[in-house]
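Produce the complete structure using the sequences and hints provided.
This is what each chain is made of:
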Amino acid sequence: MTPSGFTTSSQTILPASFRDPDGYLYRSDGVLFRALNVSYRGNYENLINSGLYNALTEKRLLIPHTEVDINKDVHSWLTIQPEPVTFISYPYEWCFSQLKDAALLTLDIQFIALNHGMCLKDASAYNVQFHQGRPIFIDTLSFESYVDGMPWVAYRQFCQHFLAPLTLMAKRDIRLGQLLRNHIDGLPLDLASNLLPKRSWTSVGILMHLHMHARTQQSFADSHASLSKTALKFSKVSRVGLIGLLDGLRKTIAKLEWKPGNTEWSDYYNDTNYSDNAFQSKRRQIEVFLDNAGPKNEVWDLGANIGLFSRVASERGLFTVAFDIDPSAVEINYRQVRKDGETTILPLLLDLTNPSPGLGWNSAERDSLFDRGPVDCIMALALIHHISISNNVPFEKVASFFAQLCRKSLIIEFVPKSDSQVQRLLRSRVDIFDNYTRDQFEKAFALHFLLERAEPIEGSDRVLYLMRRKP
Amino acid sequence: MRANTIINGIILSLCILFIAPPAYAYLDPGTGSAILQGVLGGVAAIAVILKLYWYRILRFLGLSKKRSALEQKVKGGGSEQ
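If you read the protein sequences in the order shown, they are chains A and B.
Numbering of the first sequence is given in my numbering, commencing with residue 662 and proceeding in unit increments.
Numbering of the second sequence is given in my numbering, commencing with residue 3 and proceeding in unit increments.
It should be emphasised that the hints constitute simulated quantities derived from the structure, not laboratory data.
Note that the structure is a prediction, hence the values are computed from the model and not measured.
Just so it is clear, CB atoms sit at the ideal spot from N, CA and C, and this is done for glycine as well.
Hints may be right or wrong, so weigh each one.
[As the list claims (entries may be wrong)] Partial list, computed: chain A residues near chain B (C-beta under 10 angstroms):
#	residue
1	H777
2	Y816
3	R817
4	A882
5	K897
6	I904
7	N953
[Unchecked claim] Think about it this way: if two alpha-carbon atoms lie no more than 20 angstroms apart in a straight line, the pair counts; the simulated EDC-like pairs of lysine to aspartate or glutamate are:
#	chain 1	residue 1	chain 2	residue 2
8	B	K68	A	D762
9	B	K53	A	D908
10	A	K1131	A	E1119
11	A	K912	B	E73
12	A	K832	A	E918
13	B	K53	B	E73
14	A	K832	A	D762
15	A	K1078	A	D1095
16	A	K859	A	D834
17	A	K894	A	D809
18	A	K920	A	D1032
19	A	K1058	A	E1103
20	A	K782	A	E805
21	B	K77	A	D908
22	B	K77	A	D809
23	A	K1069	A	D1032
24	B	K77	A	D769
25	A	K782	A	D769
[Claimed, not checked] Every beta carbon over 12 angstroms from chain A, so not counted as near; a handful from chain B, in silico:
#	residue
26	K53
27	I59
28	S66
Here is the structure:
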């Protein structure tokens, strides 16, 4: 049985951890633990004894854990302590390749599990997190013994969480990935099927696993018990057949491609007014500020684009989350992380004017952006004009927003009206921004921050500030 | 007998593909997926077995040396076990 959200002394059960009768996650004094119930005992022992756990953790496909103690609680049989993931992110915050890599990871784990006589009992995208730059499976309770002839119980969930959004992003519009924010158990297959272009019917994999899948669901959704029984005779799947099916599914996912570019920000660094000198000088200034900013656990770079300046922090060994609103920018950033094997930077999609809210049951299953902060250091470079001019947010509100996310220091760049980028934003609208001045900016931020340093950026009218959060 | 099941499966899937009622029913999402797997799995099993024989022939003729990825998935990984 899963207890429902009680707290004993300093233990809190995670609000998202209630659906699985085999166990639950809780925090004790800030440390994350997973309690395994007696019902999972057989499968857990299989997981370890069959060699599957070792096979997966050796390749960093599954999050490793240590067994902590045999819990004397009558319901809980064993407690394990998984290796903590620094920043929890969600599928609607991932770029195309991040979601695709998570999908391929899930299938690859399923293949290895089948080789060890086990099988994944769910294929939710929330079972995957990004850890040290790579996707990793975090649900140790997801393995069950494989019985030959049994169809894969997680097939539908896999298609909804991975195949449907990936296909829509690749074949229709990249922005359709955001549908995952509304459909937290994956996209309904009939919805995806309806939205896809007719061309998608020519791809055998998409035809079978998506279009046909959607229709079989509809056909049997309301069926009589007797029809179900006869129909279920058709649902035996041999091991070889299952592997063939999964292999085809993997090939279908692997073939999906999306080219970044043709979005607003993909050519940013070509159109901006940075001379090489200005660029290097800004970089150096950020390095100085980061060194001055004191001890830091984590840095959030807001509006990071492809992560050029995020890497000033991450290359110093600081774990940096590089947020940006543009799917192309996040995609390019992630591809670099993957290519170079970077472990201290995590690119994610985020619209600061509409950040990830709390979602799911009780609006608490998936944490809002605020729930995952505050962090020691926030960087907000070349950002303020997009928020205050394009989005009409007054300086006071921006300052208050950053103050909520920031625990210690803020590195922020003021972009004046004289800057060519701001001129561009004002080209097609009436300039109602009388308050958009450096003085007003400093006044507004001084309500929440101490303005420690202000350095002009060489070759531009911009000013880089180092601010300290007021206690 | 096996072929009969496959043919039945194909006919069933064609019917499903072209005669789909609107999805306003009280949903049982599991049955449809399981049946689809039965159909696809049956076809896939034949395809896999044929591919495995093909790889065997290639190795016999000396045209290919290593185990293909598919064989690893079906027969078990080389290094892990």
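Here is how each hint holds up against the structure:
Using the Cβ-Cβ criterion of 10 angstroms, the hint placing H777(A) at the interface with chain B is satisfied: the shortest such distance is roughly 8 angstroms. At about 5 angstroms, the closest approach between the beta carbon of Y816(A) and any beta carbon in chain B falls short of 10 angstroms, and the interface hint on this residue holds. A distance limit of 10 angstroms between C-beta atoms decides the matter here; for R817(A) the minimum to chain B is near 4 angstroms, and the interface restraint holds. The beta carbon of A882(A) comes within 4 angstroms of a beta carbon in chain B, closer than 10 angstroms, and the hint placing it at the interface holds.
This hint holds: K897(A) has a C-beta 6 angstroms from the nearest C-beta of chain B, less than the 10 angstroms allowed. Evaluation of the I904(A) hint against chain B yields a held restraint, the C-beta minimum of about 5 angstroms falling below 10 angstroms. A cut of 10 angstroms between beta carbons decides the hint on N953(A): the least distance to chain B is about 50 angstroms, and the hint is violated. Our distance criterion of 20 angstroms between C-alpha atoms is broken by K68(B) and D762(A), whose separation comes to about 26 angstroms.
Straight-line distance between C-alpha atoms of K53(B) and D908(A) comes to about 12 angstroms, which keeps the hinted pair within the 20 angstroms bound. For the proposed pair K1131(A) and E1119(A), the alpha carbon gap of about 29 angstroms is over 20 angstroms, so the pair is violated. Restraint check for K912(A) and E73(B): satisfied, since their Cα atoms lie roughly 15 angstroms apart, inside the 20 angstroms limit. Simply put, K832(A) and E918(A) have alpha-carbon atoms about 9 angstroms apart, close enough for the 20 angstroms limit, and the pair holds.
Among the hinted pairs, K53(B) with E73(B) is consistent with the structure: their alpha-carbon atoms are about 9 angstroms apart, no more than 20 angstroms. Restraint check for K832(A) and D762(A): satisfied, since their Cα atoms lie roughly 17 angstroms apart, inside the 20 angstroms limit. Between K1078(A) and D1095(A) the CA atoms are separated by roughly 10 angstroms; this keeps the pair inside 20 angstroms, and the hint holds. Taken as a hint, the K859(A) and D834(A) pair is honoured in the structure, with Cα atoms around 14 angstroms apart against an allowance of 20 angstroms.
Between the alpha carbons of K894(A) and D809(A) the distance comes to roughly 15 angstroms, so the proposed pair stays at or under 20 angstroms and holds. Distance restraint check for K920(A) and D1032(A): the Cα-Cα separation of roughly 33 angstroms exceeds the 20 angstroms cut-off, and the hinted pair is therefore not satisfied. Straight-line distance between C-alpha atoms of K1058(A) and E1103(A) comes to about 13 angstroms, which keeps the hinted pair within the 20 angstroms bound. With a C-alpha separation of about 6 angstroms, the suggested pair K782(A) and E805(A) falls inside the 20 angstroms cut-off, and the hint holds.
A threshold of 20 angstroms between alpha carbons decides the hint, and for K77(B) with D908(A) the separation of about 14 angstroms falls inside it, so the pair holds. Simply put, K77(B) and D809(A) have alpha-carbon atoms about 14 angstroms apart, close enough for the 20 angstroms limit, and the pair holds. Between K1069(A) and D1032(A), the direct Cα distance comes to roughly 17 angstroms. Compliance with the 20 angstroms bound is thereby established for this hinted pair. With a CA separation close to 15 angstroms, the supplied pair K77(B) and D769(A) stays within the 20 angstroms bound.
A C-alpha spacing of about 14 angstroms is found between K782(A) and D769(A), which places the hinted pair at or below 20 angstroms, so the restraint holds. For K53(B), the requirement that its beta carbon stay farther than 12 angstroms from each beta carbon of chain A is not met, with the minimum near 8 angstroms. No Cβ of chain A comes within 12 angstroms of the Cβ of I59(B); the nearest lies about 18 angstroms off, and the non-interface call holds. The Cβ of S66(B) sits about 18 angstroms from the closest Cβ of chain A, beyond the 12 angstroms cut-off, so the non-interface label holds.
Checked against the numbered hints above, the structure violates hints 7, 8, 10, 18, 26; every other hint is satisfied.
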